[in-house]
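*Asks:* Here is how the chains run, residue by residue.
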Amino acid sequence: MVTQEKRPEAEVEPVEQIVEALWRVRLRLAWSGFKRNWKLFAENKIGLMGLGIIIFFVLLALAYPVMRTWGPWQDGTIYDPVIGYDAPVEDFEIVETEAEVLDPDTQMDAFTAQLWCFGAVAGDTCSIPLQPAPPGNGHILGTDPLGRDIASQLTFSTRAAFMLGLIAALVTVVVATTVGSIAAFYGGWIDSFFMRLADLVLLMPLIPILIVMSGLWEVTLPRLGVLIGILSGFGGTAIVLKSQALSVKVKPFIDAARVSGGSNMHLIFKHIVPNVLPLSFLYMMFTVTEAVSLEAVLSFFGLLNVNMSWGLMLQTAQTQGYLRTGLEFWWLLIPAGVAVTLLAAGFFFVGRAMDEVVNPRLRSR
Amino acid sequence: MLRFIGRRLVQMFFLFLLFLTLLFFLLDAQPGDITSQFLDPTIPAEIRAQLAERLGLDGSVWSRWWNYMTNFLTGNLGLSFQQYPRTVTDVIAERIPRTLFLFTFATLLSYVLGFALGKRLAWRRGGFSEHAVTISGVLLYTVFYPWFAIIMILIFSSGLGWFPINGFLTPELWRNAPFTGNEVFGQMILSLVIAGLILVAGSYFSRRQQERRPAQIIRLVGYGSAILFMTIFWALKPEMRPFASNILHHSILPVVTLALVAFAGVMLLTRGSMLETLKEDYILTAQAKGVPERDIRDKHAARNALLPVTTSFVLGLAFIIGGGIITETVFSWPGMGALLLTSIVSEDIPVAIGALAFTGVLALVAHLLVDILYAVLDPRIRIQTGN
Amino acid sequence: MTDTRTRSSRESILEVKNLVMNYELKDGGMVSAVEDVSFELKKGQSLGLVGESGCGKTSVALTLLQLQAANARVLGGEINLDGINLLELSPEEMRQHRWTDISMVFQGAMNSWNPVYTVGEQIREAMDLHWDPKPTAAEAYEKIVELFNLVGINPEMIERYPHEFSGGMKQRAVIAMALSCDPKVIIADEPTTALDVIVQEQILEELKKIQDELDMSIIYISHDIAVIAEITDLMGVMYAGKLVEIGPTAELFAKPRHPYTWLILSSTPSITGPRRALAPLEGEPPNLLDPPSGCRFHPRCPFATDKCSQEEPPLSEIGEGHMIACWNHEQVPVTLATAEDDSRSANGSQ
Numbered sequence: 001m002v003t004q005e006k007r008p009e010a011e012v013e014p015v016e017q018i019v020e021a022l023w024r025v026r027l028r029l030a031w032s033g034f035k036r037n038w039k040l041f042a043e044n045k046i047g048l049m050g051l052g053i054i055i056f057f058v059l060l061a062l063a064y065p066v067m068r069t070w071g072p073w074q075d076g077t078i079y080d081p082v083i084g085y086d087a088p089v090e091d092f093e094i095v096e097t098e099a100e101v102l103d104p105d106t107q108m109d110a111f112t113a114q115l116w117c118f119g120a121v122a123g124d125t126c127s128i129p130l131q132p133a134p135p136g137n138g139h140i141l142g143t144d145p146l147g148r149d150i151a152s153q154l155t156f157s158t159r160a161a162f163m164l165g166l167i168a169a170l171v172t173v174v175v176a177t178t179v180g181s182i183a184a185f186y187g188g189w190i191d192s193f194f195m196r197l198a199d200l201v202l203l204m205p206l207i208p209i210l211i212v213m214s215g216l217w218e219v220t221l222p223r224l225g226v227l228i229g230i231l232s233g234f235g236g237t238a239i240v241l242k243s244q245a246l247s248v249k250v251k252p253f254i255d256a257a258r259v260s261g262g263s264n265m266h267l268i269f270k271h272i273v274p275n276v277l278p279l280s281f282l283y284m285m286f287t288v289t290e291a292v293s294l295e296a297v298l299s300f301f302g303l304l305n306v307n308m309s310w311g312l313m314l315q316t317a318q319t320q321g322y323l324r325t326g327l328e329f330w331w332l333l334i335p336a337g338v339a340v341t342l343l344a345a346g347f348f349f350v351g352r353a354m355d356e357v358v359n360p361r362l363r364s365r
Numbered sequence: 001m002l003r004f005i006g007r008r009l010v011q012m013f014f015l016f017l018l019f020l021t022l023l024f025f026l027l028d029a030q031p032g033d034i035t036s037q038f039l040d041p042t043i044p045a046e047i048r049a050q051l052a053e054r055l056g057l058d059g060s061v062w063s064r065w066w067n068y069m070t071n072f073l074t075g076n077l078g079l080s081f082q083q084y085p086r087t088v089t090d091v092i093a094e095r096i097p098r099t100l101f102l103f104t105f106a107t108l109l110s111y112v113l114g115f116a117l118g119k120r121l122a123w124r125r126g127g128f129s130e131h132a133v134t135i136s137g138v139l140l141y142t143v144f145y146p147w148f149a150i151i152m153i154l155i156f157s158s159g160l161g162w163f164p165i166n167g168f169l170t171p172e173l174w175r176n177a178p179f180t181g182n183e184v185f186g187q188m189i190l191s192l193v194i195a196g197l198i199l200v201a202g203s204y205f206s207r208r209q210q211e212r213r214p215a216q217i218i219r220l221v222g223y224g225s226a227i228l229f230m231t232i233f234w235a236l237k238p239e240m241r242p243f244a245s246n247i248l249h250h251s252i253l254p255v256v257t258l259a260l261v262a263f264a265g266v267m268l269l270t271r272g273s274m275l276e277t278l279k280e281d282y283i284l285t286a287q288a289k290g291v292p293e294r295d296i297r298d299k300h301a302a303r304n305a306l307l308p309v310t311t312s313f314v315l316g317l318a319f320i321i322g323g324g325i326i327t328e329t330v331f332s333w334p335g336m337g338a339l340l341l342t343s344i345v346s347e348d349i350p351v352a353i354g355a356l357a358f359t360g361v362l363a364l365v366a367h368l369l370v371d372i373l374y375a376v377l378d379p380r381i382r383i384q385t386g387n
Numbered sequence: 001m002t003d004t005r006t007r008s009s010r011e012s013i014l015e016v017k018n019l020v021m022n023y024e025l026k027d028g029g030m031v032s033a034v035e036d037v038s039f040e041l042k043k044g045q046s047l048g049l050v051g052e053s054g055c056g057k058t059s060v061a062l063t064l065l066q067l068q069a070a071n072a073r074v075l076g077g078e079i080n081l082d083g084i085n086l087l088e089l090s091p092e093e094m095r096q097h098r099w100t101d102i103s104m105v106f107q108g109a110m111n112s113w114n115p116v117y118t119v120g121e122q123i124r125e126a127m128d129l130h131w132d133p134k135p136t137a138a139e140a141y142e143k144i145v146e147l148f149n150l151v152g153i154n155p156e157m158i159e160r161y162p163h164e165f166s167g168g169m170k171q172r173a174v175i176a177m178a179l180s181c182d183p184k185v186i187i188a189d190e191p192t193t194a195l196d197v198i199v200q201e202q203i204l205e206e207l208k209k210i211q212d213e214l215d216m217s218i219i220y221i222s223h224d225i226a227v228i229a230e231i232t233d234l235m236g237v238m239y240a241g242k243l244v245e246i247g248p249t250a251e252l253f254a255k256p257r258h259p260y261t262w263l264i265l266s267s268t269p270s271i272t273g274p275r276r277a278l279a280p281l282e283g284e285p286p287n288l289l290d291p292p293s294g295c296r297f298h299p300r301c302p303f304a305t306d307k308c309s310q311e312e313p314p315l316s317e318i319g320e321g322h323m324i325a326c327w328n329h330e331q332v333p334v335t336l337a338t339a340e341d342d343s344r345s346a347n348g349s350q
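Residue numbers (our numbering), protein chains in the order written: chain A, 1 to 365; chain B, 1 to 387; chain C, 1 to 350.
Please keep in mind that the hints were generated in silico from the structure rather than gathered at the bench.
As the structure is a prediction and not an experimental result, all values here were calculated from the model.
Hints are not guaranteed to be accurate.
[Said to hold, decoys possible] Derived lysine-lysine pairs resembling DSS-like cross-links, with alpha carbons at most 30 angstroms apart:
(1) C/K42 / C/K307
(2) C/K26 / A/K45
(3) C/K208 / C/K43
(4) B/K279 / A/K39
(5) C/K26 / A/K35
(6) C/K184 / C/K209
(7) B/K299 / A/K35
[To be verified] A few chain B residues facing chain C, derived, Cβ under 7 angstroms:
(8) Y282
(9) Q287
(10) A288
(11) G290
(12) R380
From the three backbone atoms N, C-alpha and C, an ideal C-beta is built for every residue, glycine too.
All chains, please: the whole structure from these sequences, using the hints.
*Replies:* Next up, the structure:
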């Protein structure tokens, strides 16, 4: 519509301006395409919810540097997520025997007191550092068994989770799109090679392989991201994107581009890849979900070389024996577990909603 | 069809050799070996070297690889370093039934429920209940699984005290038991499989009925005879029953936890698959023909939506061990997954390769099974492979 | 087509009166898909509905079977099939009327078959549901063989799966299925669009033959005016959800009275008629979310006057069985328009 209105003017305008109008038109087309897709996406309440969750975690990740630089967490010896220490002290009145303890929150028998206040006798006051400490005393989510601030750990780990997810997703997209497009375009033995490779990757159970890898190298977060990206990129995602690329390859515009003298690389990267990309981005979301969960599982088993992550927070609580006793130490259990679950779910929700945009057959109308 | 299977078997064999080679080099590259890991560090160097020679740890990587491959193909998987001198085959054989029991139970449960709910969810689109079920489904699907398992234990074992906290049997009860745990497991798996087959047969024959009433009766008879079979089977083994029920009691929580998470995935997959099927023209044709809604859902839509779900079901079976690591570790269930984790962490390399190779075999068999099942379920493929 | 007059004296089988159907959008907007459509079909007659894509032909067809999309709202009118108003039936009653009274051959019948059942099973399903009493296996088989012979398929194909059929055979089998419960009316929505020309021709012949043999009433829906011309007694032209002209096919072709009919006929090449330059139809169909006031065709109409943009022309009779909705139909020339026609370029484009 817009270009039609412009037509009469363009005939009299100099060539340069027509060229300029072209990129403007492109920009406008991209923008209107984005708006149209956004409208479809926004119809999906669940997708919006996922986006909300992701934005919430972005804010949470930003909260860490903000709080450490300007906020109340500037004291590194207390609020450092890894080496910080703070234990609120609780005073106990020491009584002779266990039978005399009337209020276990403020009183303690002399025998037990020897653990903390050696040599104390009845009538003394024993001060015990409380760790893990429940929320309060400047620790909005309490402290962990080593006296470190949970809220600081939680926000610090958010950044790491995003970084991991992003690396894994980018590597997957680059690898899978390239492999899928090349396999589809050339076919023949190149196709067979990549598809058998994908079969082989699919044969490997991801968690055990990553555990084996963690024995070989020091698996840091960026390396884990790359590993997940490669495994997912050469595996299942490559197969899906190849079939998409195949359906693009047979479209007439590919022949048109070939006839007008496009090289193979030009055809693959200028014509096939852009048409496969929407689906790649969709799988990017699912890769993030997978990466976030895998990282948590591996750190939970203590197999990763990270100084702090959500999985590690749970591992600390688990190995120190605080998780088997019930919900008494809920602040050790709930925040980290909910964070992993919610972030993974957020990306999954967005992926599903994008799926409905990309794949019209899933839409309700 | 037979030629097709034969060709696939040959392909599978070579793929497996490749996989095994890959595993071998991955694990061979692990730092340290048995002589540095499991032995007293003060042992003299010549004895260490002697031992390495006897265990085949000297020589080049290639000769070790050749040794391993030839041994593997003759069924010799070596000795476990950690449980020396048990053979790897022995260690694995002991663990397999426990894992199979846990997972076939959980997988069947999750697929039956997930498929039934997923197809209904897709059928009734929109509305609050769909959103609620979808959101909780996704949350269950993406839940941080070890954490979820811990919460389940906290609630149902520590809190309500309904189930034991961990393990797969109560050691005190079994001290003087006349059976080994695996004998009981074997019987339990057997009875479960037969009962499952009865149910499958029942639903197959009920689906072939045109009328609603005989179909229902056949289905009920199926349920009834499965229950009857279970009752008779265990009534004939009174001495084994308390032990079986002890294992069952221990397995409920892990099975339910595992099934809940797997169920969510199946439900979401079925829903997606159903939604695609419902957009097909033949659904509109069926409506125009005046086919009742329920038959459209079950006979036309769900029957076609079943195909991808079946694939995921069979492929999912292959990932039992990978997925089993978490469940078995958190619930202290001594199965293949736990074995894999401990063997890798403690560098018991023969066991680790053995367990991973077993996973690979399972996955390959599952791939083959998918192809065969697809041919049975989808007439379009049936014809192609027949030629 | 010559016996139109004898057929018109027969009893009416399907009568659609003032049918109005809108699609409700998620944001609350209404798309006026079918607006005040009325027509009558007599026993043994065939009616062709033509129009551009999106003009509401398929919406009419789906509404006749009560299979409209979930967001469709039937806001008024009657669909009287053999004396019963289908719009007043409950979903269960309507289900029982489908296929026995009114059956359909779908657009893209290639995909009308469920891939996992044999063609025979799928035809049998309709018979099991609607025959009273239910056919025995032998009766059903016999009927399907009879139908397959009628539409020209080898009866051996009964136990084959849909993917073993060629495109034309699938289409024939769909017709066989539509006939399986001896319906009073068949709706054929683009019955031959996906087929190559030769098969198209054969199937149209087949349909015409069956219609004559079984004295069936058929509604054809097509954007291909040549198909309609060949096989129908009556022709209805739809534009933007409205029926703008309806009458005996031969008469419409010879003397189109509505400007839209006149223009689409002018843009269709004819092999037998005189050679002439084709006149393209300019402009776009209107946005049905906000249809034009007055006559919906007036923005594209070369004969439009002020009255056309203000008042909606009613469908009124101008000859025997020939109805038209236009204020200025006297101005429509008797000969078809050509590309050089001055009357068009003067005020034809917007």
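*Asks:* Taking the hints in turn, state whether each one holds.
*Replies:* Hint check results:
With a CA separation close to 35 angstroms, the supplied pair C/K42 and C/K307 exceeds the 30 angstroms bound. Using a Cα cut-off of 30 angstroms, the hinted pair C/K26 and A/K45 holds, with the two alpha carbons roughly 13 angstroms apart. Only pairs whose Cα atoms come within 30 angstroms are accepted, and C/K208 paired with C/K43 is accepted, the gap being roughly 14 angstroms. A hinted pair counts as satisfied when its Cα atoms are at most 30 angstroms apart, and B/K279 with A/K39 qualifies at roughly 22 angstroms.
A hinted pair counts as satisfied when its Cα atoms are at most 30 angstroms apart, and C/K26 with A/K35 qualifies at roughly 17 angstroms. Restraint check: the Cα-Cα separation between C/K184 and C/K209 comes to about 16 angstroms, which is no more than 30 angstroms; the hinted pair holds. Annotation: proposed proximity of B/K299 to A/K35 is violated, straight-line Cα distance about 40 angstroms (limit 30 angstroms). The beta carbon of B/Y282 comes within 4 angstroms of a beta carbon in chain C, closer than 7 angstroms, and the hint placing it at the interface holds.
Because the beta carbon of B/Q287 sits about 6 angstroms from the nearest beta carbon in chain C, less than 7 angstroms, this interface hint is met. Hint status for B/A288: holds, given a least beta-carbon distance of 5 angstroms to chain C, under 7 angstroms. At a threshold of 7 angstroms, the smallest CB-CB gap from B/G290 to chain C is about 4 angstroms, leaving the interface hint in force. Below 7 angstroms, beta-carbon pairs count as interface contacts, and B/R380 has one with chain C at about 5 angstroms; its hint therefore holds.
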